[in-house]
Amino acid sequence: MQDSYRNPWLYGAGWAYLLLVVAALLLPVFYIVYISFNEFGFGARIYTFTFDWYRLIGADTILVASLKWTLALAGAAMITAVPMGLLAAKFYKRTRRKVAFVFLMLSPLFVPADIMGSALLVYFKNLNGIFEGLGDILGVSWFDDWFGLGFITALIGQIIYTVPYAFVLILITMSRYRDQQTEAARGCGATGWQAFWQVEFPQIRVGVFSSLAFVAILSFNEATRTALLKGGFDTFSNVLVAQMLNIGMSGESYAMAGTMTMIAILVIGTILVVTLATAGRAGRKALPKAEPVATAS
Amino acid sequence: MTSPNETAVEVVDLAKDYGPITALDSVSFSIPRGSYHVLLGPSGGGKTTLLRLIGGFVRPTRGRVLLHGQDVSDAPPNKRPTSMVFQSYALFPHMSVERNVGYGLKLQKMAKEQIREAVDQMLGLVGLEGYNRRMPHELSGGQQQRVQLARSLVLESDILLLDEPLASLDAKLRKDMCIELKRIQEKIGITFIHVTHNQEEAMTIADRIAIIADGRLVEEGSPREVYERPVRRFTADFIGENNIIDGRVTGRNGDRFSIDTGFAEVDVVAVGHDIPTGTEVAISVRSELLQLLRESRAADGRVQTLPATYVEEVYLGLTTLHLVRLPNEIEITVRQISGDMAGSVFQPGQAVQVGWKTAEARLHTE
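Top to bottom, those sequences are chains F and L. To convert a position in the first sequence, counted from 1, into this note's numbering, add 283. To convert a position in the second sequence, counted from 1, into this note's numbering, add 130.
Here chain L stands alone, though its shape is the one from the complex (with noise of 0.2 Å):
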């Protein structure tokens, strides 16, 4: 595998206008070669079409793309060291498996032999050894998504983008594509870009995420960093299951923020924060992380309590979901594992308190 710092990808700047909608606005990432990068957002966010400018199919507004280092603002898709894999398979329907994966080492010239042997090795490592002669319309969805895999892999290029490929599959079959794209990510090590708006898929294969939405770059990091780290409200509301209550800083003790819920007042801890007091936040707390609590508990600092109503439990099997509501009239979600509390604790209607470890919530100015 080659060395994660160098950049197999790098946008700058990038744009797209379709008239008068702004589909990407000024986007600048890179991303590292040889990693499996995830682009993740909301339907409409704009990430398909960074996807495709990266991949050369619709020509950007303004910015610029470069691949290795090498600027292909202006390449077409043929003249990239990427290939594609797309939501709807796209295989070509003349053709049959075979043909399908041998069609770009035809278009290089490659003996005829050497192609059947690439085919061949190709299929086998997508795991549809036998299935040479098959014609698309007899294979399943999810056949159909290896052979359009097998149709990029085997021209070897750097850059592999796959835009939303396992969306059109069920979710036994997307759960196991999930794994082996990365298995096979792992063993040939090329850069592999995944736009996708399901984020268990996202969290499954990606070495990194980049959170697009509004056709901005929200955020980016690792998966555990925008899950457990998120640093935006959109990245909160959007990655788990995160409960977020609107306040205002009412005061600041080093790292440790005392924010107004309006209803009451709670402590969060924001190290290099720097927000002035009065500055409307969000704090967001994810569902796991809270606890429902019977009765007030005095705040000793490292928990933090929230008065609400019990509204109703969702069992879901491994797991149940306390939905309660706040002063505000807000609902919040405490989600445990089912048969950690005994069953039916709490009624409709009862007042409880809502509480979490200081530490584990965060803090969001934007």
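Here chain F stands alone, though its shape is the one from the complex (with noise of 0.2 Å):
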């Protein structure tokens, strides 16, 4: 209930509070959006706006090969991590331990991520080791090299932390969501997946589409556990933080973090409106009064 009493300035200055905390957030990525479009690149006095940076990035082979290393990562993570969320959500829906069951999905959150990616790393290497020793046992090769590191060992690591957010994303645009409409549409003939497919999911797809983008975003996010399970390639992540570590970032390397930022606030923008937009259509009930009852013939 709403204290129609409250200082209506407390209200603004909390906005203005959130305003300020989300820009002093940002300004760091700004600025690097703002050096990606100069000229003479970071830290130089002058500043003279140019493309040219951008216009490079397909020239660097390096930051090219990452992308699509980061890319193809993101584009498996999504995939798989989404649909697992999905099944996740529809599981806590079920369950009746659901405080158990929201504690363990989320619990490779509560795992820093350098731990994460080193168990993994050392579990795989002893997978890796116990189906060679099968194969040796068996006299076949055909168990070799399972889970040498690489693209799947990379994505496994990616997976392990991107399902969580997956789960509680779609958690709660399924928490509108009520199940009689399943029933509803069973009782109107419909089969199991039919209800989902045709009534459950056009009301949690923003839910969904916003885990595909956030799971894609955080692919672009993750640099430790990546580093460790990779294996021969290079992550987009992976080559910024060496380049800094080592060189310096290049100024495609800004141009480049400048376009990932510009999308990731695009997709989030677009997320964030079609949100408000379907919540608004969602959250308005029924009319207050019945009209007028028309004669039925």
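Read the hints as simulated data drawn from the structure, not as lab findings. Watch out, some of these pointers could steer you wrong.
[To be verified] DSBU-like cross-link-like pairs, simulated, lysine-lysine; straight-line CA separation at most 35 Å:
1. K239(L) - K317(L)
2. K317(L) - K305(L)
3. K209(L) - K381(F)
4. K376(F) - K236(L)
5. K239(L) - K302(L)
6. K373(F) - K242(L)
7. K373(F) - K209(L)
8. K376(F) - K317(L)
9. K209(L) - K317(L)
10. K317(L) - K242(L)
11. K376(F) - K239(L)
12. K236(L) - K373(F)
Predicted model only: the values in this text are computed from it and were never measured.
Both chains come to you apart, so use the hints to assemble them.
In structure tokens:
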């Protein structure tokens, strides 16, 4: 219930505070974007606006290769982590042990990235050893390198990291969905899948699409686990971090970071607008007063 | 209309447990085809569970559900000849009224033109012509419920299940919808099974009423039977405004039993009962059948009386309630048409007699 006597200035002050915090958090990001348009790069006294660094991204083979790997990982993480998050959210609604279930689902987030990465590294190496030993016993080489470091192990690391986020995002939109609609669809003759796809999914798709976008962004954001599990390729984050630590970031790196930032803001902004619009529609209740009842024929 | 002798629904020894909680306990009964059957009872009594078991929304712990003689106990909802109207409307919010109503027909792969015709016809039946393009959030509660009804009726299922369909509506709309539901059922002639805890609603629409409480079928009969001649004490207590007085059988003369209430002895007629002397029983008399008498009246066999103390009068417009206290401190209610008795005839604390015609009391052994 709203307090009618509250100070309206406090409400405004609350929003001002929120905007200030967001601005302070995002300022460094926008600064990177600002630098990416400077012909003379970071630290120069002169600022001359240019798109040159953006044009040169394509020429930086290391950066382009890392971007391809990152996109591939992000795509694979999206098509595996989001359905897993969706299934987990569906199960959450059915289970009676909700607190335990949420704790288990979110538990990977409580483990620091480097520890999780190291643990998975050791785990995969051991698994590899076990399977290779099994192959030796059976006299076949088929089991060799099943868990050798590479794309799959890096993907597993990312899935473990992103599924909890996908789960939470989908659960938020799913909490508005009433299961009676599924029952109503079943009562109309729909199979379980038809009821989900035609009735439930359209109402939770904002959450699903948000999860897809979020998982993609998280993939670009992920460095530590991937660095430990990726094997012989580099991702965008790994290249950026390595450049920063060794030679400093290049103009192309700033341009790439700027591109990613703008894409992320665009995606998140779109999701926000769509979510608000959808929530507004869903939040509208039935008319408070019944219109005059038409006389039935 | 089909013959009422044909059975639409038969449940046999049906039970549903949720862990240690028994929601429904060995219920058996049948519903004739084409009847308007109401499952009436207090909240949490198991009536919605029974309805959902018939609809296939929950799997029984034991027992069988037969629809038109076919055992469907293991069939999901979409494999049963039933459709359901839910209490909370359950319209699909992302679909227009037309798409909501036509949803089931689309699943049946009916041609678009046929769907449109069927939807128009059904919206006409429920009094919502021209609402095709409206979205659910643009409708009132009553209109949403009508859309839901149309969505179920358009499927031409043999059995329509209604789970407290009028509970969310205001009193005026509920009354209108009650009459309309009955009219629609009579027009299309299919079996309606309607769950409610509202006895006025049940009396208005039902051909037959089944009283469900504590997971059991307490009693079943026509509205007149359960109202005027309740067999069980629970039914008497739940339906109408019955006054229940406990006592013990002290003697029998044919179908007439003498009951000692602890402060007076009264006679009750109970045809076909065989109740041994000493059995604990209860007498029920509806409040509108009681009379308040100023003075003691000699028992003449046709009228029974009890001494009481007048407590207060509650004026309700058409009727007036008179509360009186029996010597065992139980308060009972006498309802009379306002004006039938001159106002303020009785004063609080005044000694009175409560009387009824012997044939109007019911005797309950359970």
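Evaluated hints:
Distance check on the hinted pair: K239(L) and K317(L) sit about 27 Å apart at the alpha-carbon level, within 35 Å; holds. A C-alpha spacing of about 19 Å is found between K317(L) and K305(L), which places the hinted pair at or below 35 Å, so the restraint holds. For the suggested pair K209(L) and K381(F), the alpha carbons sit about 31 Å apart, so the restraint of at most 35 Å is met. For the proposed pair K376(F) and K236(L), the alpha carbon gap of about 28 Å is at most 35 Å, so the pair holds.
Using a Cα cut-off of 35 Å, the hinted pair K239(L) and K302(L) is violated, with the two alpha carbons roughly 39 Å apart. Taking the CA atoms of K373(F) and K242(L), the gap is about 33 Å. The hint holds against a cut of 35 Å. Between K373(F) and K209(L) the CA atoms are separated by roughly 23 Å; this keeps the pair inside 35 Å, and the hint holds. Only pairs whose Cα atoms come within 35 Å are accepted, and K376(F) paired with K317(L) is rejected, the gap being roughly 40 Å.
A hinted pair counts as satisfied when its Cα atoms are at most 35 Å apart, and K209(L) with K317(L) qualifies at roughly 25 Å. With a CA separation close to 26 Å, the supplied pair K317(L) and K242(L) stays within the 35 Å bound. At roughly 31 Å between alpha-carbon atoms, K376(F) and K239(L) fall within 35 Å of each other, so this suggested pair holds. Annotation: proposed proximity of K236(L) to K373(F) holds, straight-line Cα distance about 26 Å (limit 35 Å).
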